[in-house]
Amino acid sequence: MPKKHRTIIIGKGSPVASKHTKQLVIFLSVLLFTGVFGLRLATWLGGENKAAVNIFALWTALTACGFLGLSIRELLNIRLSKTKSRLQMLTERAGMLKQDQDDNHATITAKFSVWREDGLDWIEYFPRASRVISYDELPNLVIEVFEELSSKPWILVKAQPTRTSLIMSFQHEEDNRLTMTGADDYAKN
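Going by our numbering, the letters in the sequence shown line up with residues 1 to 189, in that order.
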């Protein structure tokens with residue numbers, strides 16, 4: 001199965017996408033409320049005026065479809081949004097993001113690529129943040145943050161530096177320990 005990389009770029013503060021989603025939910029709620037109110041008003045004022053009833057019924061149906069589409073999109077992206085919020089917390093704790101204090105108003109972001117392959121979660125970190133964390137510290141910080149925010153253990157399998165990034169793989173189940181018994185267990189009594 002080919003790996004499907006998802007690039008996640010973390011900027012400072014709350015993610016912009018969640019702000020836009022909240023604004024869209026408010027907009028759709030207002031449209032749905034006015035559509036239902038208009039439909040009730042049109043049927044109450046006169047049932048023979050079917051054009052107004054049909055317009056408001058179509059308005060309400062389209063708004064309900066918008067809510068359904070938004071819900072489906074959020075359900076499909078729930079795993080990615082969990083990962084993004086965990087990476088957001090990681091960058092904030094590590095102090096990786098540059099604050100907007102210079103004359104150019106440039107904010108440096110942190111870039112990650114995530115995928116799942118062979119039962120392992122893979123995270124590739126591209127160091128372009130203002131405070132570059134050492135490759136020895138980052139896997140431990142990822143484990144600390146991800147275990148705190150999820151209900152499963154994050155066990156580092158491998159951390160491999162490349163020329164431009166650090167590729168880390170994690171598993172979630174501890175290996176079974178092999179226990180050896182002594183020769184006394186096999187001796188005749």
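Among the clues, some could well be false.
What the hints assert, rightly or not - List time: in silico DSSO-like cross-link candidates among lysine-lysine, alpha-carbon distance up to 30 Å:
hint, residue 1, residue 2
1, Lys158, Lys50
2, Lys84, Lys4
3, Lys111, Lys152
4, Lys82, Lys4
5, Lys50, Lys152
6, Lys111, Lys158
7, Lys19, Lys158
Hint data in this document are derived by calculation from the structure and do not stem from the laboratory.
Status of each hint after checking the structure:
For the proposed pair Lys158 and Lys50, the alpha carbon gap of about 67 Å is over 30 Å, so the pair is violated. Taken as a hint, the Lys84 and Lys4 pair is honoured in the structure, with Cα atoms around 16 Å apart against an allowance of 30 Å. Pair hint Lys111 plus Lys152 holds up; C-alpha atoms about 24 Å apart against a cutoff of 30 Å. Proposed proximity of Lys82 and Lys4 is supported: the alpha carbons are some 17 Å apart, at most 30 Å.
Distance hint between Lys50 and Lys152 is unfulfilled; the C-alpha atoms sit about 57 Å from each other, more than 30 Å. Between Lys111 and Lys158, the direct Cα distance comes to roughly 19 Å. Compliance with the 30 Å bound is thereby established for this hinted pair. Under the criterion of a C-alpha separation no larger than 30 Å, the hint pairing Lys19 with Lys158 is inconsistent with the structure, at around 35 Å.
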